[in-house]
Amino acid sequence: MTSFPLLSLLVFLPIASALALFLFPAGSRRAIRWFALAVSAASLALSAAAYLAYDLPAGGYQLEEYLEWIPRWGIGYHVGVNGISLPLVLLTGIVMFTGVLISRGIDERPREFFAFLFLLAGGVFGVFVSLDLFLLFFFYEIAVFPMYLLIALWGWPKTREYAAMKLTLYLFLGSMVALIGALVLVFSTTPATFDLIRLEAAGFPADLQRTVFPFVFLGFAVLGGLFPFHNWSPDGHVAAPTAVSMFHAGVLMKLGAFAALRVGILLLPEGARFHMPWILILALVNVLYGAFIAMVQTDFKYVIGFSSVSHMGLVMLGFATLNSDGLLGASLQMFSHGVMTALFFAVVGMVYDRTHTREISALGGLARKMPLAALAFIVGALASMGMPGFSGFVAEFPVFLGVWQTRPAAAVAAAVGIVVTAAYILLVVRRVFFGAMSAEHDRIVSGIRVKDSIALILLMCILIGMGVYPAWIATLAESGVQSVMRVLGN
Amino acid sequence: MTEFFSHHLLSLILWTPALAAALLFLLPDRGRILKVFAVGASLIPLGLTMAVWVGYDGAQAGFQFAERAPWYPAIGAEYFLAVDGLSIPLILLTAVLTPVALLAAAGVREKVRAFLALFLLLETGILGVFLSLDLLLFFIFWEVSLVPMYFLIQSWGGEKRDGAALKFLLYTMGASLGLLLAIQVIRIAAGSFDLTVLAERWPALRMGSLGGVQIPTLKFLTFWGMAVAFLVKLPVWPFHTWLPDAHTEAPTAGSMILAGVLLKMGGYGLIRLLLPLFPAEAARFSPLLAALAAAAIVLGALAAWSQNDFKRLVAYSSVAHMGFVVLGVAAGASLGADTAAGSLALRGASLQMFTHGLSAAGMFLLVGALYDRAHTRNLEELGGLFRRAPLYGGILTFTAMASLGLPGLAGFVSELMVILGSFAAFPLAVAAAAVGLFFTGAYILKAVGRVLHGALPDRWKDAPLEIGIRERLAVAPLMILMLVTGLWPEWILEMIGTAIR
Amino acid sequence: MPLLPELLLFLLALLILGLDLILPERRRVLLGWLAAFGSAAILLLALTAADGSGGWAAATLRVDSLASFFRALFLLGAAVAALMSIDGREVGRRGEYYALLLFSMLGLCLMASASDLVMMALAIEMATLPLYVLAGFLRGDSRSTEAGLKYFLFGATASAVMWYGFSLIYGFTGQTDLAAAAIALKQAGLPVLLTAALPVLAGLAFKVSAVPFHFWAPDVYEGAPTPVAAFLSTAVKAAGFAVLLRVLLAVFPPATASYWGALVSVMAAATMTLGNLLAMVQKNAKRMLAYSSIAHAGYALIGLVTLNPDGLAATAFYLLAYLPANLAAFSVVALVSNAAGGDDLAALAGLSRRSPFAAIALLAALLSLAGMPPFAGFAAKWFLFASAVEARLAWLAVVGAANSVIALYYYLSVLKIAFLSPAGGEPAPLPFPAAVRIALGACAAAVLILGVWISPWFEAALAAVRPLFSG
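Protein chains in written order, with my numbering: chain A, 1 to 490; chain B, 1 to 501; chain C, 1 to 471.
One or more of the hints may lead you astray.
Stretch by stretch, here's where chain B covers chain A in the computed footprint (C-beta under 8 Å, at least three residues) [stated by the list, open to error]:
hint	stretch
1	211-219
2	386-395
3	400-407
4	467-479
Think of the hints as simulated: they come from the structure by calculation, not from any bench. Note that the coordinates shown come from a computational prediction; the quantities given were computed from them, not determined experimentally. Just so it is clear, CB atoms sit at the ideal spot from N, CA and C, and this is done for glycine as well.
Next comes chain A alone, as it looks inside the complex (with noise of 0.2 Å):
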């Protein structure tokens, strides 16, 4: 046990701040929005601490708190890190503060705005920290409720309220399912315990992990955007605030995996061998199908969406070969994947803040105005592609080892994944940034503020830098994908 906090801060911190957000009286918004940076920039810094607390060699659960919460279930607000969770949380870090740095466009109720985004960010790091089953459950669904407020009211207006809800009922609907299979696992347990940590030392009989497994994985999964449940992810993408864009194909849809993770294979590796031949078809139905959907949309912004249900795809199929070199990829492209996807709805962002438009026959020759912002952008694309050197490459990698090893053809099929996926993007770049740009949008588009370059570059730096030099992650990950192999080796 440690004596000083950190993971409890880190959580609370932005719940606290959300609360203390209504203090300030609605119209300053100078004030809230240095103060909503000041918030993200103290979370950031404090997931770093974590990451640079975490001893290496030790490895497993780490920087862990326990109290006693309610004794009578067997439920405590136990908190702790490992190797796969720790990334995971910089990142949240990460993309809080570079959502927070280009939301300077969110002229309308910006405390409520930013109020909810915290509650959300505090929920997330939550989840990604919690070593309970019922806390893990608690800060999932806290994050639910501010999802639908921030679409709903900050949203795209064609489309937010539909998304909005179509996304939260999907996902509380994929968290009931999960929430039935816990439920059952907890009380085969005696003494009925809700620890993590002890359900994993717990052993339950073969069948029983194998009913209840795909309860447990697909109601996490959802959120994982796995095929065919994705349905809610790219329309609510599209529909979001940028800010709340980045979070949630940055963050969110790596909690669902994550959750999936922790809470499915973890605790029933016999279930989870049981099922995977079918897991796998369909990460790799989600990889291709993402991809290919993602070629024909006419909206910028769709296209991104789909892709990140392709690459989501990828985490999936890492999981699904249940050996280290599959879930090494796995963990880092959530990681490198977050990442890349906040760059790129960072970008697109800002490309319809100035010229109003989504459609990419409508954009064109975006580089001259906003260069920054178009390299951004290309390197994000290189990254998606799997271009070595970037942080995809480094993700991807592993992955397709793993692949190898379970089912050669799947790998094949899923490199075919990796050239349409090259293809689209180059085209989309090619098509928005280079060519000729219309007069309209000469005239009015504008260049990127400060703050937006600061968080572009931010974003870019880790995805070539995880490129160049993948082993300050990929030993970290490393050790955590260890543990997990401990639990299926048996």
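Starting from the known structure of chain A, arrange chains B and C on it as the hints suggest.
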């Protein structure tokens, strides 16, 4: 301090261009300053390479100047650089051509900083391919070198650059997909990315299976996966269709590097990776490779002959010349590197890479110089320029002869070695190559004749077409090397010979 | 003295009636404050005076931990209802209104502690007769009159049915005392037990508005004055549960448990589903809340079916969580409808601009009802589902979970209206009287606190149901 330098020589060579590219952004945005800095910076790798050349101990077998550091330990990939007699000449070629090309690139006026930065990054990418002995690292640099070239063509290229750039990128990326998959399979089956280890382990692997697929099948698939990647890069017929457009639409400096060095990556890959890892398969399929090579030589030459666009003509000539490389490799694979003929063929192929690099770069430079002044590449519009630009004419003739393979100039030695070495294995292919050589002469003479001799069209009567000082400075080293290599090839053959005995 | 709170209630009611005669018209709001703070004071007294276990038993009453627990709930409900009423147009200044409320509450307290069939019947009548009047209190409003009449007719019928059941029990056992009857019923045969149980169950189901005896609720809630509807939906429902707990567990022997257990579980499933489905399509705020209350009764019934302490405690905790949430929801509805003059959901539009405080309170209330963290409803639902799974009744949990999704849909829709839709131009300021502020603040705080600081309250609920098992 010298300790550090001598132990990290290769890393310095590799990263100096990238560092220089980054530093470019700190300099003021004045074209002249940037260009001078870039050229100056690109001379550093050249100097260091010469140090490596001098320091290389020919008597010692294996790789030298090795540097190892953990890079991606989670999957077993290392930062592993080393050189031998095969890679040093190519590194030298790269280090020579980059400053030369940058000198030739003075005509670039727009977004100079981005251009130079991309160029330097490109150099790092290419050098990385030649320096890496870790398979994953090799692949990374292989792919990385594509991106700057894409942007160079896309943003500073000719009229049809959009399509050409995209075709270039997608074609070669698609081809390297096979390479990627092959590397993945090899890694899993043999457990390492280290080429020195794999060279022993992988060929020895005969039994077993991976995910239900038997090893022999896997070897077949991975062989072709790799081979296609390299063959597209070279390019050999029929995978060459990306080349004419890319070369033609690229800016001058880009074409020089593209033809001069980038294509050699394919040849290097064949010799460095394909042959050691797949001796049996290579031998088995060498007749096919030889046939493709022969087709490339003949058809490339024929296509060049039919061109009216000067630059496109030179582009097709690259196809033909690289065909010799493939022929030599095929013969080496078939006969075995330990036989006299096989060794000769392989050494010829390696030398051909070097010599063609020089002559192709030279030709593109000259075409570019002419275009900058005449604003046309159409052979039918040009003519009789010898009178207006005698120095240019002399240089062009010299370079063209080297390209043609005139004895006394570099191209002759390499092509002769390939022919002599391959004759034992593939006499038919050699015969076809000879036919190709005939047509080579035809198109070279046609080009030179059309440009320099004959009637001088009125529009050029008073035009300033003479080659400038800068370009003369740029082409001079190339000419010297072509001459020296032609008269005394031993200086480089000795180096190559240490790797291929 | 264990019955001190009840005595004080009685006196308070009399005091209010007396003061009503003395005070001039414009000062009569004081009566409302008196009722509210009086109830709160009695609540505090009851909490501190409660001696936890054991309890006091006289001939017909047992003030054990179950009774104390529910008494606290009723007192809270009455206090809030009184605060809500203070600024009501017609009801605020009527002393008899508050007196009736207090008398009804007295009846509820007696219901919770009744240990004798006759006492129980009397207590139920004492509780509901004032409510019939209160439902129809708005003399000028025909819907209120209709509500009152409907409530009376259906209520009376339900009571009659229940008394019939009680009389059967007496007939079979010769006892009116519940404990004694229980002993006697142990020897009875199954047909006897079922015949006695069904009418009782039916009557009680009416009280808690479970399917198929729910149909009175929407009309009555819609027509009655909003504070009364709030009180009905919370405190009265809780009282019904209290009786249900005592009667079903303490009276009927375990052997019959499986039969009526199956029955109640089907009832629970049907109630949840019907309530939620019908709430989805409502346009009137009070009707929507009425159907949602019906659904919540269904959830609470889940715990009942499990028959173990955890499950029953879960039900009790659920009621504890549900009370402040529902009261807050009704408060906000009252606030808005007083200003707008109508009960439509659309009147909520632009609430977040008109009064952020009210909007946040509504958010807390509805999200708690939906079962969202960090509010009390989350833990409450979890405990219910957990106890169902623990008792091998996972299917009930599944139905509950599915219903939660439906419920979330309409709660979010309401929140959307409140937060999103601008109130057609410049939003009119919302008259927000101090009394309602206090009520809303207390309820919202309760909902949040209960959601995070859970253990002591759940322990209290557990202690509350323990007497049902010790006999």
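So, going through the hints one by one against the coordinates:
{"no.": "1", "hint": "211-219", "verdict": "violated (count 0)"}
{"no.": "2", "hint": "386-395", "verdict": "holds (count 5)"}
{"no.": "3", "hint": "400-407", "verdict": "holds (count 6)"}
{"no.": "4", "hint": "467-479", "verdict": "holds (count 7)"}
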